[in-house]
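*Asks:* Add chains Y and P to chain B, keeping to what the hints say.
Protein chains in written order, with the numbering used here: chain B, 1 to 328; chain Y, 1001 to 1211; chain P, 2001 to 2251.
Hints may contain errors.
To be verified - Dumping the calculated DSSO-like pairs for lysine-lysine here, alpha-carbon to alpha-carbon at most 27 Å:
| # | chain 1 | residue 1 | chain 2 | residue 2 |
| --- | --- | --- | --- | --- |
| 1 | P | Lys2210 | Y | Lys1176 |
| 2 | Y | Lys1186 | B | Lys252 |
| 3 | P | Lys2143 | P | Lys2210 |
| 4 | P | Lys2122 | Y | Lys1042 |
| 5 | B | Lys252 | B | Lys266 |
| 6 | Y | Lys1207 | B | Lys266 |
| 7 | B | Lys49 | Y | Lys1166 |
| 8 | P | Lys2126 | Y | Lys1042 |
| 9 | Y | Lys1166 | B | Lys322 |
| 10 | Y | Lys1026 | B | Lys49 |
| 11 | P | Lys2244 | Y | Lys1198 |
| 12 | P | Lys2244 | Y | Lys1201 |
| 13 | Y | Lys1203 | B | Lys252 |
| 14 | B | Lys252 | Y | Lys1207 |
| 15 | B | Lys158 | B | Lys49 |
| 16 | Y | Lys1185 | P | Lys2206 |
| 17 | B | Lys267 | Y | Lys1203 |
| 18 | Y | Lys1186 | B | Lys23 |
| 19 | Y | Lys1207 | B | Lys232 |
| 20 | Y | Lys1201 | B | Lys266 |
| 21 | P | Lys2132 | P | Lys2143 |
| 22 | B | Lys322 | Y | Lys1026 |
| 23 | P | Lys2007 | Y | Lys1185 |
| 24 | B | Lys23 | Y | Lys1124 |
| 25 | B | Lys195 | Y | Lys1124 |
| 26 | Y | Lys1186 | P | Lys2206 |
| 27 | P | Lys2122 | Y | Lys1041 |
| 28 | Y | Lys1198 | B | Lys252 |
| 29 | P | Lys2128 | P | Lys2206 |
| 30 | Y | Lys1042 | P | Lys2143 |
What the hints assert, rightly or not - Chain B stretches covered by chain Y per the calculated footprint, using a threshold of three residues with CB under 8 Å from any CB of chain Y:
| # | segment |
| --- | --- |
| 31 | 55-61 |
| 32 | 141-155 |
| 33 | 205-218 |
| 34 | 236-245 |
| 35 | 249-262 |
As the list claims (entries may be wrong) - Partial pick of chain Y residues on the chain B-facing surface, computed with a CB cut under 10 Å:
| # | residue |
| --- | --- |
| 36 | Gly1018 |
| 37 | Glu1024 |
| 38 | Gln1031 |
| 39 | Gln1150 |
| 40 | Lys1154 |
No wet-lab data here; the hints were simulated from the structure.
We put the beta carbon where it would ideally sit given N, CA and C, even for glycine.
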Amino acid sequence: MYGGGNVFEATKFDDLQTEDPVKLAEFEARIARGEKIEPNDWMPQLYRKQLIRMIEQHAHSEIIGALPEGTWITRAPGFRRKMAQMAKVQDEVGHAQLLYSAAETLGKTREQMLTDLINGKSKYSNVFNYPAFTWADSNIISWLIDAGAIVNQMANAKGSYGPYSRALERICAEEAFHLKYGHDAVVHMATGTPKQREMIQAALNRWWPPIMTFFGPSDKMSTHTETLMRWKVKMASNDECRQQFLDMYVPKIWELGLTVPDPNLKKNMETGQWEYTEPDWDEFKRVINGDGPCNAERLAVRRTAEERGAWVRRALLNPKAKYVRPLA
Amino acid sequence: MSLTSLDPRVTRLNLPEGEAPAIEPKPELDQFETYEVFHQKKEGAAYTYVGPVHAPNEEVAFLFAKEQYSRRAACTGMWIARTEHIQVTPYAGDGENVYDMVRAQDPTEQSEQPEPYEIFHLKKRGKAHTHAGRVMATSYQEALQEARNQYGDKGPIVNVWVVMSKHVLQSAEEDKDMWTTIPEKKYREAIAYKVMDKITKYKEEHKTTAS
Amino acid sequence: MNELAIKDLLYKLADDQLILGHRNSEWTGFGPILEEDIAFSSMAQDKIGHSLAFYTLLQELGEAEPDTVAFTRNANQFHNSQLVELPNGEYDFSLIRHFLYDNAEIIRFEMLSQSSYEPIAKVATKLKGEVKYHVLHANTWIKNLGASTEEAILRLQSALDEAIPYALGMFEPSKYEQELIESGVYAGEEAVKTAWLQRIKTVIEKTELKLPDLSTIEPRFGGRYGEHTEHLQPLLDEMAEVFKIDPTAEW
Chain B
1 MYGGGNVFEA TKFDDLQTED PVKLAEFEAR IARGEKIEPN DWMPQLYRKQ LIRMIEQHAH
61 SEIIGALPEG TWITRAPGFR RKMAQMAKVQ DEVGHAQLLY SAAETLGKTR EQMLTDLING
121 KSKYSNVFNY PAFTWADSNI ISWLIDAGAI VNQMANAKGS YGPYSRALER ICAEEAFHLK
181 YGHDAVVHMA TGTPKQREMI QAALNRWWPP IMTFFGPSDK MSTHTETLMR WKVKMASNDE
241 CRQQFLDMYV PKIWELGLTV PDPNLKKNME TGQWEYTEPD WDEFKRVING DGPCNAERLA
301 VRRTAEERGA WVRRALLNPK AKYVRPLA
Chain Y
1001 MSLTSLDPRV TRLNLPEGEA PAIEPKPELD QFETYEVFHQ KKEGAAYTYV GPVHAPNEEV
1061 AFLFAKEQYS RRAACTGMWI ARTEHIQVTP YAGDGENVYD MVRAQDPTEQ SEQPEPYEIF
1121 HLKKRGKAHT HAGRVMATSY QEALQEARNQ YGDKGPIVNV WVVMSKHVLQ SAEEDKDMWT
1181 TIPEKKYREA IAYKVMDKIT KYKEEHKTTA S
Chain P
2001 MNELAIKDLL YKLADDQLIL GHRNSEWTGF GPILEEDIAF SSMAQDKIGH SLAFYTLLQE
2061 LGEAEPDTVA FTRNANQFHN SQLVELPNGE YDFSLIRHFL YDNAEIIRFE MLSQSSYEPI
2121 AKVATKLKGE VKYHVLHANT WIKNLGASTE EAILRLQSAL DEAIPYALGM FEPSKYEQEL
2181 IESGVYAGEE AVKTAWLQRI KTVIEKTELK LPDLSTIEPR FGGRYGEHTE HLQPLLDEMA
2241 EVFKIDPTAE W
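So here's chain B without its partners, still in its complex pose (with noise of 0.2 Å):
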């Protein structure tokens, strides 16, 4: 579940006057054709370097994103909810494994990314550190943030790079499940009684600002960010995903009686384009810099399970054992 807000940073890499301009040429051409890239082929620095970046925060909001959910796992009401919540966060951290995989054939290993997760130094999808009080909350995530992760990682499944595109279509094939469950168990409570109303009411509030700001903030166009458009790493503004997920989602809330908890809300008739209140962008850079409600529990988790797994690790490791990065 990742919605692919505040991904590229410009680096130094951006210069691609130090690219040999016959291979860049026929790396452009490749792109432009259609034709995916794999690992093996020659890659600017640029493109590497962003696609490591992107692909491993996705990964690092899998696994985080298992976390919010998995508050309810030992909670859900009934069997048929249980086994559900429990494989949907199963799949989650299913993702983290594919997406890992994926960053890894350019060549940043897992090792290397977890601990840059544990240590702060890479992002993931800032939503997550945000808490799950009820198990509504827990059903507005299964339900809507995994609709904007699918927006975005539709789109990103069209992208350039072999081995992501890959594994998205896996990914978005296995979340058609999320989006689905999600929206079972929302509709249940929301047509449910007084109180389970209240309780889905309650959460949408507290998820509706997160969710805005779950694409990111507007583009700025930059010569950087064409690159990355004409290169197929970026696919999609953050504002069109939020749009798209606007014009697909606010009917089906509105259609259970639920209100949303802006009331700037409404679609431009003559633009077609959805107004809004604009988000707190200042919170959002707050929250993802390590000031969020749940950032500091999120992470100790995260380190506590690689550290009192470490044992297993020690044990099993074979210390004639060669890393190679994984093929595809």
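*Replies:* Quick look at chains Y and P alone, frame taken from chain B:
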């Protein structure tokens, strides 16, 4: 003081509260080496690449691969090969045939007797490698040449993987029953969740009370 | 066939699976390596699925529906062995419990797939393949870790010593033991235990672990008759926390 969480499982972990110092970088192989996984979707179908797993050895790799790559889709068999054991050709462009590009090379290592090798083809960039067949050879290089002779003219092939059969762990025939119930686990399929009735009913009721 | 005997058997099977599945699900997201996290979660889901299948058979015999049975009973109405309700501890204990439990489970499933009571035979036959993977998983881990570092061996040994009296508690005979055996439902707890010992010994012999002398160990009985450790009721309260907000609601 330990951390109290909204998640009772986290509370039970007894995590220390407060800032923790940065961890040492994880040592090399903390996450083990990698194995590549191929699955068979249905009886008789060619084995297809699904992705890697990190594992300390082949048998644990199988345990991991089975749940990571076959819990969500029909499966009738699985093959596992250590990444290190797979030899990879360069990649051709889409529509090209990589066999036209690779020249015969001298073997780096040779066996006395011919041994079986498994050949996997990638037909298009971005897709998955699929088992093309098995050849007998005394080296990887010879196996590639054999593969070219036997399977090299079947349309565009952008990449080839070659691995000695003895390095491929194949799930056993008698273990097929481990996969038989997968299609029945509907709770993790989108199709199991149908709520239109509830939504329609809600809208109907809402209409009457509103009018 | 004595329906009470069948019900008693179904309750202990279902309750064991529900409680262990629940315990194992606590690991999701906290496992020692991503791939193992995924595998362990699948087995937890399987266990819950198995319990549902057996509660469904109970419903067919006139008991309440599975959700009610699973989410509204108190600890003293549960028939699971005490082994499955113990807290997870660290991964060593969870693995050892998984090993001890599933090596008994596979024997039950094999016996039950031949049962004279057809509904059980059908369910057991269908789900046997899943338990087979659980056993393969458990045995592979124990063989690997049990012959690895001193640290791992010590951890597993102490988990084994701690778990074994509770594991023996799995085989607490029911008051219908003789009837179940005579009517061919299954061969009974003593037979399961004998076969189980064979199985676990074969694995343990391949490691540096030592099976404690079982003749000196007092089995932790009681679970099959509703006597539980202090850990079960809090587990059940947690499991039913949302369900009990409104037991008549559809969640």
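*Asks:* Give a verdict on every hint.
*Replies:* Each hint, compared with the structure:
1. With a C-alpha separation of about 33 Å, the suggested pair lysine 2210 (chain P) and lysine 1176 (chain Y) falls outside the 27 Å cut-off, and the hint is violated.
2. A threshold of 27 Å between alpha carbons decides the hint, and for lysine 1186 (chain Y) with lysine 252 (chain B) the separation of about 24 Å falls inside it, so the pair holds.
3. Among the hinted pairs, lysine 2143 (chain P) with lysine 2210 (chain P) is consistent with the structure: their alpha-carbon atoms are about 13 Å apart, no more than 27 Å.
4. With a C-alpha separation of about 24 Å, the suggested pair lysine 2122 (chain P) and lysine 1042 (chain Y) falls inside the 27 Å cut-off, and the hint holds.
5. Simply put, lysine 252 (chain B) and lysine 266 (chain B) have alpha-carbon atoms about 14 Å apart, close enough for the 27 Å limit, and the pair holds.
6. The suggested pairing of lysine 1207 (chain Y) with lysine 266 (chain B) holds, with an alpha-carbon distance near 22 Å, which does not exceed 27 Å.
7. Simply put, lysine 49 (chain B) and lysine 1166 (chain Y) have alpha-carbon atoms about 37 Å apart, too far for the 27 Å limit, and the pair is violated.
8. Taking the CA atoms of lysine 2126 (chain P) and lysine 1042 (chain Y), the gap is about 19 Å. The hint holds against a cut of 27 Å.
9. At most 27 Å may separate the alpha-carbon atoms for a hinted pair to count; lysine 1166 (chain Y) and lysine 322 (chain B) meet this at roughly 19 Å.
10. For the proposed pair lysine 1026 (chain Y) and lysine 49 (chain B), the alpha carbon gap of about 21 Å is at most 27 Å, so the pair holds.
11. The straight-line distance between the Cα atoms of lysine 2244 (chain P) and lysine 1198 (chain Y) is roughly 22 Å, inside the 27 Å bound, and the hint therefore holds.
12. About 26 Å separates the Cα atoms of lysine 2244 (chain P) and lysine 1201 (chain Y), which keeps this hinted pair within 27 Å; it holds.
13. A threshold of 27 Å between alpha carbons decides the hint, and for lysine 1203 (chain Y) with lysine 252 (chain B) the separation of about 12 Å falls inside it, so the pair holds.
14. This hinted pair checks out: lysine 252 (chain B) and lysine 1207 (chain Y) have alpha carbons roughly 16 Å apart, not beyond 27 Å.
15. Restraint check for lysine 158 (chain B) and lysine 49 (chain B): the C-alpha separation of about 19 Å stays at or below 27 Å, so the hint holds.
16. With a C-alpha separation of about 35 Å, the suggested pairing of lysine 1185 (chain Y) with lysine 2206 (chain P) is violated against the 27 Å cut-off.
17. For the proposed pair lysine 267 (chain B) and lysine 1203 (chain Y), the alpha carbon gap of about 21 Å is at most 27 Å, so the pair holds.
18. Taking the CA atoms of lysine 1186 (chain Y) and lysine 23 (chain B), the gap is about 49 Å. The hint is violated against a cut of 27 Å.
19. Our distance criterion of 27 Å between C-alpha atoms is broken by lysine 1207 (chain Y) and lysine 232 (chain B), whose separation comes to about 47 Å.
20. Our distance criterion of 27 Å between C-alpha atoms is met by lysine 1201 (chain Y) and lysine 266 (chain B), whose separation comes to about 26 Å.
21. This hinted pair checks out: lysine 2132 (chain P) and lysine 2143 (chain P) have alpha carbons roughly 16 Å apart, not beyond 27 Å.
22. Restraint check for lysine 322 (chain B) and lysine 1026 (chain Y): satisfied, since their Cα atoms lie roughly 16 Å apart, inside the 27 Å limit.
23. Restraint check: the Cα-Cα separation between lysine 2007 (chain P) and lysine 1185 (chain Y) comes to about 26 Å, which is no more than 27 Å; the hinted pair holds.
24. With a C-alpha separation of about 21 Å, the suggested pair lysine 23 (chain B) and lysine 1124 (chain Y) falls inside the 27 Å cut-off, and the hint holds.
25. For the given pair, lysine 195 (chain B) sits about 54 Å from lysine 1124 (chain Y) by alpha-carbon distance, which is inconsistent with the 27 Å threshold.
26. As the CA atoms of lysine 1186 (chain Y) and lysine 2206 (chain P) are separated by approximately 39 Å, the hinted pair breaks the 27 Å bound.
27. A distance of roughly 26 Å separates the Cα atoms of lysine 2122 (chain P) and lysine 1041 (chain Y); the hinted pair therefore holds under the 27 Å criterion.
28. Straight-line distance between C-alpha atoms of lysine 1198 (chain Y) and lysine 252 (chain B) comes to about 13 Å, which keeps the hinted pair within the 27 Å bound.
29. A hinted pair counts as satisfied when its Cα atoms are at most 27 Å apart, and lysine 2128 (chain P) with lysine 2206 (chain P) qualifies at roughly 25 Å.
30. The straight-line distance between the Cα atoms of lysine 1042 (chain Y) and lysine 2143 (chain P) is roughly 32 Å, outside the 27 Å bound, and the hint therefore fails.
31. Only residues whose C-beta sits within less than 8 Å of a C-beta in chain Y count toward coverage, and the segment 55-61 of chain B has 0 of them, not enough to reach three; the restraint is violated.
32. Judged by the Cβ-Cβ criterion of 8 Å, the segment 141-155 of chain B is not covered by chain Y as claimed, because only 0 of its residues qualify and three are needed.
33. Here the segment 205-218 of chain B counts 0 residues with a CB under 8 Å from a CB of chain Y, which misses the bar of 3, and the coverage is violated.
34. Requiring three or more residues with a Cβ within less than 8 Å of a Cβ of chain Y, the coverage given for the segment 236-245 of chain B is violated, as only 0 such residues are present.
35. Using a Cβ-Cβ cut-off of 8 Å, 3 residues of the segment 249-262 of chain B lie near chain Y, which meets the minimum of three, so the contact claim holds.
36. At about 8 Å, the closest approach between the beta carbon of glycine 1018 (chain Y) and any beta carbon in chain B falls short of 10 Å, and the interface hint on this residue holds.
37. The closest approach between the C-beta of glutamate 1024 (chain Y) and any C-beta of chain B is roughly 8 Å, which is under the 10 Å cut-off, so the hint is satisfied.
38. A distance limit of 10 Å between C-beta atoms decides the matter here; for glutamine 1031 (chain Y) the minimum to chain B is near 4 Å, and the interface restraint holds.
39. Hint on glutamine 1150 (chain Y) is violated. Least Cβ distance to chain B is approximately 22 Å, over the 10 Å limit.
40. Hint status for lysine 1154 (chain Y) relative to chain B: violated, with the closest Cβ pair at about 20 Å, above 10 Å.
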